[in-house]
Amino acid sequence: MKPVQKKLTTWFFSCLLCAVFMRPVFIQPVYASDLLMVRSQQAFPEAMLTLQTSIKEHGYTITRVQRVDVGLTGMGYHTDKYRVVFVGKAKEIHYLVNKYPALAAYMPPQISIFAEQGETVLVTANPEIYAPMVDDKDKVIFRRWESDVYSVFDDIRAADE
Amino acid sequence: MKFPVIIKRILLPVLLLLSAGAYCAPHGKTLFARHCSACHGSHGMGGVGVPIALPAFINSVSNTYLTKTIRHGRPGRIMPAFEKLSDAQVVAIIKFMRKWTWKPAPNEDDTPVVGNKKHGRLLFARHCARCHGKDGQGGKGTGVTFSRKRDLPIIAPALNNAGFLAAASDVMIRDTITFGRKGTPMVSMLKAGLSREDINDLVAYIRSFTPAANKRAQAIHASGDLSPIITMASPYGMKETIENIKQAIINQNFTLIRVDYLDHGLVTKGHEDKSKVVIHFCNFKFLFNALAIDPRVGMFLPCRITVTEKNGKVRLTTVNPQRLSKLFNNHELDESCRAMHKVYQSILEDATL
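So the protein lines, in turn, are chains A and B. Mapped onto my numbering, the consecutive letters of the first sequence carry residue numbers 1 to 161. Mapped onto my numbering, the consecutive letters of the second sequence carry residue numbers 1 to 353.
Since the hints were made in silico from the structure, they are not lab data. A quick note: this is a predicted structure, and the numbers were derived from the prediction, not measured. Yeah, the Cβ is synthetic: ideal placement off N, Cα and C, and Gly gets one too. Any given hint could be a false lead.
[What the hints assert, rightly or not] These stretches of chain A come out as covered by chain B in the derived footprint (C-beta under 8 Å, 3 or more residues):
id : stretch
1  : 56-70
2  : 82-96
3  : 104-114
[Stated by the list, open to error] Calculated lysine to any residue pairs in the SDA-like style (CA-CA distance at most 25 Å, straight line):
id : chain 1 : residue 1 : chain 2 : residue 2
4  : B       : LYS140    : A       : MET75
5  : B       : LYS269    : B       : PHE254
6  : B       : LYS95     : B       : ASN59
7  : B       : LYS29     : A       : LYS89
8  : B       : LYS313    : B       : ASN253
9  : A       : LYS89     : B       : LYS285
10 : A       : LYS89     : B       : GLN247
11 : B       : LYS29     : A       : ASP155
12 : B       : LYS239    : B       : ASP225
13 : A       : LYS99     : B       : GLN247
14 : A       : LYS81     : B       : LYS313
15 : A       : LYS91     : B       : PHE254
16 : A       : LYS91     : A       : GLN52
17 : A       : LYS139    : B       : PRO235
18 : A       : LYS81     : B       : LYS269
19 : A       : LYS99     : B       : ASN59
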C-alpha cells in the first residue's frame, strides 16, 4: 500500500469510527421542558409492564402504584386508565430527605401513566428540578436519575419496535 | 474477485463516507418519537397536543411556520419551545412530518394582508369568538385526551398567543379562514358567506392581537408564592399533628386516602423510618377537573402532606402547587394550582393552630 493510500485509509476509518461513536451524541434526547414524556404504542397493561420491568432493571424499587382512575370511577367520574407509580432507591431517598427535609414533600418521585385510546402516555418531572434544593455535590444524584428516566423511556420506546 | 482500481480507491471510500454521513444525520422519525409523539401521537393524529398530521393542516402550512412553532412553542398553551434542538434536527423533524402526506411544503408568503381592524373585530365576535374565545385565547383543555369527551378532534387554537402570532403569516391566517380546515370544526368562512374583504378585515384584527392580550394570564403565571414547598412547624407531637391534619383534610371537603411512612415499600415492613409520615388525600371533583385541564398533572397526585419529626420538633411540608404549575406551560392550570395552594395552606394552618 502506498503511503498516500495508507493515510487516506486511516483518515477514512477514523471518520467512520468518529461517526459511529458520535451518533448517540447527535440523537441524544433534547427535552424542551421540565417535564419528561414518552408515548408508548403499547396498550396500557403492556406499557405498564414494560415500565415496571425497566424500573426494576435500573435498580429502583416501585414503592406503590396509585390507581387514580379507580378512585375517580368509584366516585362516578368517567375516566380512562390512570396510575401513578412511586419509585426510588431506599439509600438515596433516606439520604436526601434526612439532609434536605424540604425534599420530603417530593419523595419518592412519581411517574404517571395513562391510557390514550389504544396507546399509553407516561409523564414525570425532570429530576433536575430538585437540584436547586440541594448542595452542588449532591446534584449528581438527580443527574443520574434524569439519565435513568431517559433510559427507562428508551426501553418503553424500544418495546414498540 | 478484483475490483477496478477506480472503484477501490475512489468510489468505495466516497460511498462509505456518504453512508457514514447519513448515519450521523438527524433522523426525523426518531426525533419526532422523542420530542413530539408524546403529545401529538405516534402518527401525528393528536393526543395532549393537536392533530398535526391532518392533511388540511400539514399541507397548508409552510416550513417556516413549522420551524417557528417548534422554536417558540406556544407560551402558556402546553407546547414548549424547543430551543435546544439544532437547526438540522428541526429540519429533520419537518421532513419526517411532510412524509405523512408526501405533499410539498407551500411556499412561505409574507405579504402583509391589509384590512379594516374595526370591522374585523365585529366579525370576530360574530364568527370566531365562540370557539377561539372573546380575546382569541383559544379553547379550554388539552387535545384529544381521555380527560374530556372525544367529540372534537381539536381544541380551537389560541390566536392571541405570542408563539402563534410569531409563526403564522398574514397569508396563512387568511387562507385558513378562507378555506377552513377539513376534519376540524374550522369551516371555510368564504363558504359561510364572508367576502374576501371581510376575511382580510378578520386577519387585520387577529394580527392586532399582541402578547399583551395574554397579559393577565402571564401575570398570574409569573406571580404568587414560587418557593418549592409550603411548610409549617407544629406545636404538637407527631401523633396529635397527624390527627389534626386528618381532621383539617375533612374540613376542607377532601377525602383521606391513607397514611404511610415516607419509605413505605422501600424497606421491609417494620423497618420504616417512623419519624417521616405521609398523609395522602384527595377531592375527586377537584382531581377530575384538574385532569380535564391537563392530564399530566396526575404525577403530583394524590395530594399529600409530609410530617417529619426531628429532635422533638414536628414539621409539616407539602409541594407548592403554584410552583409546580410552572412546569406544565399551561396557563389554564394556574387558577387550579392557586386554589390548591390555598387548600394546602388552610390545612396546614388548621392542623397547627
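Structure-based check of each hint:
Given a C-beta distance limit of less than 8 Å, the hint that chain B covers the stretch 56-70 of chain A holds, as 6 residues qualify and 3 suffice. Coverage of the stretch 82-96 of chain A by chain B holds in this model, with 8 residues showing a Cβ closer than 8 Å to a Cβ of that chain against a need of three. Interface restraint, the stretch 104-114 of chain A with chain B: holds (9 residues with C-beta to C-beta distance below 8 Å; minimum three). About 24 Å separates the Cα atoms of LYS140 (chain B) and MET75 (chain A), which keeps this hinted pair within 25 Å; it holds.
With a C-alpha separation of about 28 Å, the suggested pairing of LYS269 (chain B) with PHE254 (chain B) is violated against the 25 Å cut-off. The hinted pair formed by LYS95 (chain B) and ASN59 (chain B) meets the criterion: a straight-line CA distance of about 12 Å does not exceed 25 Å. With a CA separation close to 34 Å, the supplied pair LYS29 (chain B) and LYS89 (chain A) exceeds the 25 Å bound. Only pairs whose Cα atoms come within 25 Å are accepted, and LYS313 (chain B) paired with ASN253 (chain B) is rejected, the gap being roughly 28 Å.
Distance hint between LYS89 (chain A) and LYS285 (chain B) is unfulfilled; the C-alpha atoms sit about 33 Å from each other, more than 25 Å. At most 25 Å may separate the alpha-carbon atoms for a hinted pair to count; LYS89 (chain A) and GLN247 (chain B) exceed this at roughly 32 Å. Of the pairs offered as hints, the one joining LYS29 (chain B) and ASP155 (chain A) holds, with about 17 Å between alpha carbons and a cut-off of 25 Å not exceeded. A distance of roughly 29 Å separates the Cα atoms of LYS239 (chain B) and ASP225 (chain B); the hinted pair therefore is violated under the 25 Å criterion.
With a C-alpha separation of about 30 Å, the suggested pair LYS99 (chain A) and GLN247 (chain B) falls outside the 25 Å cut-off, and the hint is violated. A distance of roughly 41 Å separates the Cα atoms of LYS81 (chain A) and LYS313 (chain B); the hinted pair therefore is violated under the 25 Å criterion. In summary, the hint linking LYS91 (chain A) to PHE254 (chain B) is not supported, as the alpha carbons are separated by about 33 Å, beyond the 25 Å threshold. Straight-line distance between C-alpha atoms of LYS91 (chain A) and GLN52 (chain A) comes to about 20 Å, which keeps the hinted pair within the 25 Å bound.
Among the hinted pairs, LYS139 (chain A) with PRO235 (chain B) is inconsistent with the structure: their alpha-carbon atoms are about 33 Å apart, more than 25 Å. Proximity of LYS81 (chain A) to LYS269 (chain B) is assessed by CA-CA distance (about 29 Å); at most 25 Å being required, the pair is judged violated. Between LYS99 (chain A) and ASN59 (chain B) the CA atoms are separated by roughly 55 Å; this puts the pair beyond 25 Å, and the hint is violated.
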